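Line order of the protein sequences matches chains A and B.
Per the numbering used here, the first sequence starts with residue 1, numbered consecutively.
Per the numbering used here, the second sequence starts with residue 1, numbered consecutively.
Just so you know, these hints were derived from the structure itself, not from any lab.
All values reported here derive from a predicted model rather than from experimental measurement.
Check each hint, because a few of them may be wrong.
Unchecked claim - Covered stretches of chain A, as calculated for chain B (at least 3 residues, CB under 8 angstroms): (1) 44–50; (2) 61–68; (3) 73–86.
Claimed, not checked - Below, simulated DMTMM-like cross-link-like pairs (lysine to aspartate or glutamate); rule was C-alpha separation at most 20 angstroms, straight line: (4) Lys-56(A) <-> Glu-30(B); (5) Lys-57(B) <-> Asp-35(A); (6) Lys-74(A) <-> Glu-102(B); (7) Lys-25(B) <-> Asp-45(A); (8) Lys-77(A) <-> Glu-102(B); (9) Lys-132(B) <-> Asp-150(B); (10) Lys-74(A) <-> Asp-62(B); (11) Lys-70(B) <-> Glu-11(B); (12) Lys-57(B) <-> Glu-59(A); (13) Lys-70(B) <-> Asp-45(A); (14) Lys-221(B) <-> Glu-200(B); (15) Lys-2(A) <-> Asp-46(A); (16) Lys-2(A) <-> Asp-45(A); (17) Lys-56(A) <-> Glu-90(B); (18) Lys-50(B) <-> Glu-40(A); (19) Lys-73(A) <-> Asp-28(B); (20) Lys-77(A) <-> Glu-30(B); (21) Lys-30(A) <-> Asp-71(A); (22) Lys-56(A) <-> Glu-200(B); (23) Lys-2(B) <-> Glu-162(B); (24) Lys-57(B) <-> Glu-90(B); (25) Lys-92(B) <-> Glu-102(B); (26) Lys-56(A) <-> Asp-38(A); (27) Lys-84(A) <-> Asp-77(B); (28) Lys-26(B) <-> Glu-76(B); (29) Lys-56(A) <-> Glu-66(B); (30) Lys-74(A) <-> Glu-58(B); (31) Lys-58(A) <-> Glu-30(B); (32) Lys-160(B) <-> Glu-200(B); (33) Lys-56(A) <-> Asp-28(B); (34) Lys-2(B) <-> Asp-71(A); (35) Lys-89(B) <-> Glu-59(A); (36) Lys-84(A) <-> Asp-105(B); (37) Lys-70(B) <-> Asp-46(A); (38) Lys-74(A) <-> Glu-11(B); (39) Lys-56(A) <-> Glu-38(B).
All C-beta atoms, glycine included, are put in the ideal place defined by N, C-alpha and C.
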Amino acid sequence: MKVQTKVNSEAINYMNQEHWSACIHDAYSKYKNIDQIDVETRNVDDNQVSILLNIKVKEGFPITVCHSSTDYKKALKGVIQISKQQIESHTS
Amino acid sequence: MKVIVPVDFSEVSNNAFNASILFAKKTDAEIEMFHCIELPFFWNLTAKNKALITNIKEALIDSAQEKLEKYQGLLEDANIECSYSIIEKEFKSALLEESLYEDIDLVIIGSNGASGKRERFIGSNTQKILRKIDKPVLVIKNPVEELKFDKAVYVTGLFKNEQEAFRNFLKYLSIFETKELHILSIDTLAYFSQPSIVMENALEKYAEIAGDFNVTTHFYKDFSVDAGVRHFCIENNIDLIGISNSHKHPLKRLFQGSNVEYIANHNQIPILTIT
């Protein structure tokens with residue numbers, strides 16, 4: 001599984017680029033049907049950040065999930081939770 | 001609280017989305033938007049040009065993503081925690097699977113309704129969802145300016161197993177700042193109906209459960225439950241209909257129909273179905 005990150009400077013303050021890749025890799029390593037995950041982070045304003053995941057699955061339609069929250073920790077937790085639900089429900 | 005809003009960018013879906021913003025502002029709820037891309041199943045089987053299909057899929061995702069980003073921007077401006085997902089699946093089964101997760105508290109859905117042959121043989125998407133879902137659903141038909149329903153009616157068949165649903169409905173009424181609650185049972189003058197006195201006593205038990213609310217009970221005569229609810233709502237300027245959504249056996253539904261589906265299809269005011 002390949003992880004591509006497009007992480008902004010504020011998100012790098014939360015954790016560095018390698019950690020972002022490793023974190024996403026670990027979160028999805030149990031899913032054997034994933035080809036690639038593109039991660040993009042952005043700062044909406046002082047109170048809101050968002051994380052976008054584009055998950056490309058083998059022989060299937062990609063799953064796009066985005067989560068906005070007040071900080072990167074919450075946004076990452078939210079986006080991983082929702083995307084896992086989507087992967088388990090819709091690629092089985 | 002967490003709310004799911006299915007979004008297909010239609011007018012009714014926008015109405016539901018706006019209602020979800022109002023709901024989230026009142027309750028600090030998190031909103032999960034949900035968009036399904038449904039492609040004809042034979043495309044992948046018959047298409048000779050796979051690259052073309054891939055391009056179409058990508059264009060659909062990009063277009064949906066662009067629109068959802070705008071929706072998300074509105075939620076972010078309102079400081080509402082939110083997420084969206086785009087998947088390829090039939091809308092009904094995707095939403096039903098999604099709603100199974102424990103952290104989902106409410107589904108807010110837009111509906112055009114359906115009537116006549118279409119209602120009986122095809123049905124609206126909302127109708128199909130109501131048939132199977134196990135979570136509360138707020139059905140929105142028209143634009144809602146504020147999520148405040150002064151007058152609400154709870155429609156009941158007065159069965160004991162509906163009392164829990166009624167208690168759950170009461171929790172939503174405080175969110176909606178409801179001032180008047182009407183508990184309504186329709187007398188269709190059917191041969192096997194209970195005597196009026198028994199039904200009126202049962203209504204009083206429901207009024208006791210409602211406790212501090214400003215409650216009025218009604219035993220209303222009409223030729224069908226659906227028509228009775230419609231007529232009652234018009235006569236009393238009702239703003240919200242609540243009803244317990246207990247699932248019927250498919251065969252029973254085929255012959256008798258489902259009151260919840262009929263009420264959701266034929267009324268223009270918001271409907272909250274509770275399981």
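request  = Go through the numbered hints given earlier and state which of them the structure violates, listing their numbers in rising order.
outcome  = 4, 9, 10, 15, 16, 18, 21, 22, 23, 27, 30, 31, 33 and 38
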